[in-house]
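Number of protein chains: 4
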Amino acid sequence: MISETPPPDLTAVPLIDVRALGEALAAFAAERNWDQYHSPKNLTMALSGEIGELSEIFQWLSEDDSRSVAVNPETATAVREELADVMLYLVRLAYVLGVDLNEAVIQKLQKNTENYPVDKSYGSNKKYDKL
Amino acid sequence: MISETPPPDLTAVPLIDVRALGEALAAFAAERNWDQYHSPKNLTMALSGEIGELSEIFQWLSEDDSRSVAVNPETATAVREELADVMLYLVRLAYVLGVDLNEAVIQKLQKNTENYPVDKSYGSNKKYDKL
Amino acid sequence: MISETPPPDLTAVPLIDVRALGEALAAFAAERNWDQYHSPKNLTMALSGEIGELSEIFQWLSEDDSRSVAVNPETATAVREELADVMLYLVRLAYVLGVDLNEAVIQKLQKNTENYPVDKSYGSNKKYDKL
Amino acid sequence: MISETPPPDLTAVPLIDVRALGEALAAFAAERNWDQYHSPKNLTMALSGEIGELSEIFQWLSEDDSRSVAVNPETATAVREELADVMLYLVRLAYVLGVDLNEAVIQKLQKNTENYPVDKSYGSNKKYDKL
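Chains as they are written, first to last, in this note's numbering: chain C, 6 to 136; chain R, 6 to 136; chain B, 6 to 136; chain W, 6 to 136.
Next up, chain C with everything else stripped away, as it sits in the complex (with noise of 0.2 Å):
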């Protein structure tokens, strides 16, 4: 008789929920009449912004260095609001767009799990096409 486990069902549970951060920032850009903005187009373009901003943080540290970014107070507070800056914008696209981010998310992640079987990619830098 067999009894393999079954995988998880992923589907189960919620792996994230920022259903409450969309809804205050469509308030937060009705109210600024702000919507004629934000299209698609150019809150991906705030995005490219907001990752550049980080990437000016990163650029000319070691990886190691890199690390204790979030507690050097040099670097704490403007990590911090990029990180944020990047979450505004990602969930005021999705939200324009109609995407569950949550589902959007455990798709994704069921496919990397796909792409990515432990034997094959344990320690391995290459992306799943080149493993």
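These are calculated hints, taken from the structure and not from any lab test. Take the hints with a grain of salt, since some may be wrong.
It does not matter which identical chain is used: a pair holds within one copy or between any two.
Calculated pairs, DSS-like style, for lysine-lysine (alpha carbon to alpha carbon, straight line, at most 27 Å) [to be verified]:
1) LYS135 / LYS116
2) LYS116 / LYS132
3) LYS113 / LYS132
4) LYS113 / LYS135
5) LYS135 / LYS125
6) LYS131 / LYS113
7) LYS113 / LYS125
Dock chains R, B and W against chain C, hints included.
The following block gives chains R, B and W in isolation, referenced to the frame of chain C:
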């Protein structure tokens, strides 16, 4: 008699909850011995890569056409996957840095509320220091 | 008698000459003992940072308004500086990698000419693999 | 008698010459009726896309390994193509904006020379406003 409503206490409620994803990604990386690659510097570059892919979806589209990207069958899957990828790397980056994203988001929203008072920023696309 | 014009030999003429800048930047870095920071990885992050700043100039503008950014007194200086910064880091990056940019550009143009035949790509914003 | 050497007149020599490429790209776009897509806003997004692809080459590599990317057969072609793509879009963007890149580069170098005096910036990875 004055009875102004006090401003909402944004710190009272979580705006986002991404802890389950943070733990799932930590387990995913640990199982594959990937912690060695997941320095904040490297994860920031990975974020740049994903934002680049997101930009490619939008680069030649008008703002109007950008609004239907998630329902257009040619781009719907791609845009969902890219949004998910940005979320995965963002949550992973905050995790390895030890940054509480909910706290960071709440503080950034409070700052935005101060920087962009409704009367000054209504209908404007200017940065706060130019308002 | 067939007398087709042969395709122009793109390799016969330099399309760009950035060697003087490459040398100037190498001297600039050497004088300041900056070679230690100028790894290709770091310079790529610096490029991301500059592209991010460029994106911030354009993010809330319509495509039409984006056309006058270099003559608009509010943005003219900034956009010139960001374009220059991208060029500086790009030339520096190619230099430390030992890549001949003129050669690379010529080969890429030849590839683009093959990938985008005029009849198929006329008026289209699709990537070559979707034409 | 004072006989200080005057600072070199950087404006006397071109540091870069990208005019032939600018013309080649303008012809390439015109032939395909692509001017409608080549707004500065869109070209900036295309630049983000290319920088993203460049970042993906480097994201999991150590700084040391990043130095051999252009000679490693697995990445040599890709890195050359991405560098070329960045140059193509950068020159195209400057062209549609009407910005003289050589002039912009010279002025930026002069500014960098002022912002980073050798004695203050020697061996430092700090931005000029933190020196």
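**Message:** Treating 27 Å as the Cα threshold, decide for LYS131 and LYS113: within, between, both or neither.
**Reply:** Intra 18 Å, inter 25 Å, cutoff 27 Å: intra and inter.
**Message:** Please sort LYS113 with LYS125 into within, between, both or neither, judging by C-alpha distance up to 27 Å.
**Reply:** within (19 Å within a copy, 34 Å between copies)
**Request:** If the cutoff is 27 Å on CA atoms, where do LYS113 and LYS132 land: within, between, both or neither? Let me know, please.
**Result:** Answer is both; intra-copy 15 Å and inter-copy 24 Å each pass.
**Asked** With identical chains treated as interchangeable, where does the CA-CA distance between LYS113 and LYS135 reach 27 Å or less: within a copy, between copies, both, or neither?
**Response** So LYS113 and LYS135 pass the 27 Å test inside a copy (19 Å) and across (24 Å) alike.
**LYS135 and LYS116: within-copy, between-copy, both or neither at 27 Å Cα** = So LYS135 and LYS116 pass the 27 Å test inside a copy (16 Å) and across (24 Å) alike.
**Message:** Checking an output row: LYS135 and LYS125, CA cutoff 27 Å. Within, between, both or neither?
**Reply:** Within one copy only: 10 Å inside a chain, 32 Å across chains, cut-off 27 Å.
**Asked** With identical chains treated as interchangeable, where does the CA-CA distance between LYS116 and LYS132 reach 27 Å or less: within a copy, between copies, both, or neither?
**Response** For LYS116 and LYS132, both the intra-copy (13 Å) and inter-copy (25 Å) Cα distances are at most 27 Å.
Checked against the numbered hints given earlier, the structure satisfies every one of them.
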